[in-house]
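Relying on the hints, combine the two individually framed chains into one complex.
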Amino acid sequence: NAGVMQNPRHLVRRRGQEARLRCSPMKGHSHVYWYRQLPEEGLKFMVYLQKENIIDESGMPKERFSAEFPKEGPSILRIQQVVRGDSAAYFCASSPTIDRGQRSYTFGSGTRLTVV
Amino acid sequence: AQTVTQSQPEMSVQEAETVTLSCTYDTSESDYYLFWYKQPPSRQMILVIRQEAYKQQNATENRFSVNFQKAAKSFSLKISDSQLGDAAMYFCAYRTAKGGGSNYKLTFGKGTLLTVNP
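Going down the list, the protein sequences come from chains P and W.
Under my numbering, the first sequence has 26 at position 26, and the numbering climbs by one with no breaks.
If you want my numbering, it's the 1-based position in the second sequence plus 116.
Quick caveat, the hints were computed from the structure, so don't treat them as lab data.
Label pairs and their computed distance ranges (CB to CB):
| id | chain 1 | residue 1 | chain 2 | residue 2 | range |
| --- | --- | --- | --- | --- | --- |
| 1 | W | Lys186 | P | Pro39 | 31 to 37 angstroms |
| 2 | W | Gln118 | P | Ile54 | 21 to 27 angstroms |
| 3 | W | Asn178 | P | Ser87 | 32 to 38 angstroms |
| 4 | W | Thr136 | P | Pro39 | 21 to 27 angstroms |
Calculated lysine-lysine pairs in the DSBU-like style (CA-CA distance at most 35 angstroms, straight line):
| id | chain 1 | residue 1 | chain 2 | residue 2 |
| --- | --- | --- | --- | --- |
| 5 | W | Lys171 | W | Lys189 |
| 6 | P | Lys27 | P | Lys44 |
| 7 | W | Lys221 | P | Lys27 |
| 8 | W | Lys189 | W | Lys214 |
| 9 | W | Lys226 | W | Lys214 |
| 10 | P | Lys62 | W | Lys189 |
| 11 | P | Lys44 | W | Lys186 |
| 12 | P | Lys62 | P | Lys44 |
| 13 | W | Lys171 | P | Lys44 |
| 14 | W | Lys194 | W | Lys221 |
| 15 | P | Lys62 | W | Lys221 |
| 16 | W | Lys214 | W | Lys186 |
| 17 | P | Lys27 | W | Lys226 |
| 18 | W | Lys214 | P | Lys51 |
| 19 | W | Lys194 | W | Lys214 |
| 20 | W | Lys214 | P | Lys27 |
| 21 | P | Lys71 | W | Lys221 |
| 22 | W | Lys171 | P | Lys27 |
| 23 | P | Lys51 | W | Lys221 |
| 24 | W | Lys226 | W | Lys194 |
| 25 | W | Lys186 | W | Lys171 |
| 26 | W | Lys194 | P | Lys44 |
| 27 | P | Lys27 | P | Lys51 |
| 28 | P | Lys62 | P | Lys51 |
| 29 | P | Lys71 | P | Lys44 |
| 30 | W | Lys226 | P | Lys51 |
| 31 | W | Lys189 | P | Lys44 |
| 32 | P | Lys71 | P | Lys27 |
| 33 | W | Lys171 | W | Lys194 |
| 34 | W | Lys214 | P | Lys44 |
| 35 | W | Lys226 | P | Lys62 |
| 36 | W | Lys221 | W | Lys171 |
| 37 | P | Lys62 | W | Lys214 |
| 38 | W | Lys226 | W | Lys171 |
| 39 | P | Lys44 | W | Lys221 |
| 40 | W | Lys194 | P | Lys27 |
C-beta atoms are modelled at their ideal positions from N, C-alpha and C, and glycine is treated no differently.
Bound conformation, chain W alone (with noise of 0.2 angstroms):
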C-alpha cells in the first residue's frame, strides 16, 4: 500500500520570503500522480498542483512550484514570495495513474500547518 509522509507537522515564513514543505512517498508503482492541496480554515480543500510522474520537469504555478525526485520518492513543494493568504494546512497526496483497480482514491499526509508571520 501507498504511504504519504510529511515530516514536518508546523512551519513559518516571514512575508515575502520562500519556504519549503517536504513530502515523501512510498509505493512500488512507476506510474503515478502527486499534488499539493492547501486547507484553509474555511477547511475547503483547494489544489495547489499537481505532477505526474512520468514527467520530469517540475510543476510550477505561479509562486509555487515542486522539487520532485523520483528515484528519492520526494516530492517537496516550495512557495515564493509568500503571502499571509498561503497561512493553511498543506496536504501532499498520491494517486495511482494504473488502469483499473483503484485509481480513483487519494493518500493524503498528516499535513503541515504553514504560518505566515506580517
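Excised from the complex, chain P in its bound form (with noise of 0.2 angstroms):
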C-alpha cells in the first residue's frame, strides 16, 4: 500500500513562473491537507481538501495561491507568479475521515520549491 505520493521532489521555478505540486493520497483516503515548511520552521497549515471540495483554506495565501482536489487525480496547489518568499518545503498529508487520533493521518515527503 503505498504511502502519500508527492511530485516532484525538488522543484526549481524562475520568479514569476507558475509551480503545480501534486499530491496523490494513499489508497481509501479521501481528506487531502497541505502545510507548508518555511525554512528554520515548522509546519504551517495551508488548505484542507475533500474530493471536489475546499474544506478550509484559511492558511492559505489570499493572492496567488491555489488548492484542487478532484473526483479524479492528484490533488494540486498550485502557486501563480511565484516569488524568492515561496520557497519551502510543501507538504501533503491524507486521512481517510477526520482522524482525531492522528493514526492514520499519514504525511508525504514534500515538494521543495526553490524560486530563483
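Structure below.
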C-alpha cells in the first residue's frame, strides 16, 4: 500500500513562473491537507480538501495560491507568479476520515520549491 | 489561537544515552492531542508518539516516552538508549479534540535538531 505520493520532489522555478505541486493520497483516503514549511520553521497548515471541495483554506495566502482535489486524479497546489518568499517545502497529508487520533493521518515526503 | 514552543533549536546526545526534548504549548482548551514527529533528512514526517490530554498516564512507545504535565502545559520527549538512526529534526505538535471546527489542523513548533554522536 503506497504512502502519500508527492511530486516532484524538487522543483525550481524562476520568479514569475507558475508552480504546480501534486499529491496523491493513500488509497482509500479522501481527505487531503497541505502544509508549508519555511526555512527554520515548523509546518504550517494551508488548506484542507475533500474530493471536489475546499473545506478550509484559512492558511492559504489570499493571492496567487490555489488548491484543488478533483474527483479523479491527485490534489494540486498551484502557485502563480512565484516569488522568492515562496521557497519552502510543501507537504501533503491524507486521512480516510477526520482522524482525531492521528493514527492514519499520513504525510508525504514533501516538495521542495526553490524560486530563483 | 494555540501556540507550540520548542526552546531548544539543537540538542546532541551520545549513542546509548538518554536525551529529553522540551515542548510547551498554550491553549485554553481542555481536550486535545499532542504529538511528536520525527523528520529525518529524507523529509518524511514520521509520527513518533501521541498523547491524549484526558489521559493522565504518559504515553510510551519502545524507547520513546513523554512527560506530559497538563497544568504546566509541558510535553517533553525522552529518548532512551539513543541510536544513530534517531538523528533528525523533532517537532512537537498540537491538535484540538473539540468536535467540529478545525480539529484536523496540526499546530507545530519550530523543531529541535537532534544529533547523535557515536
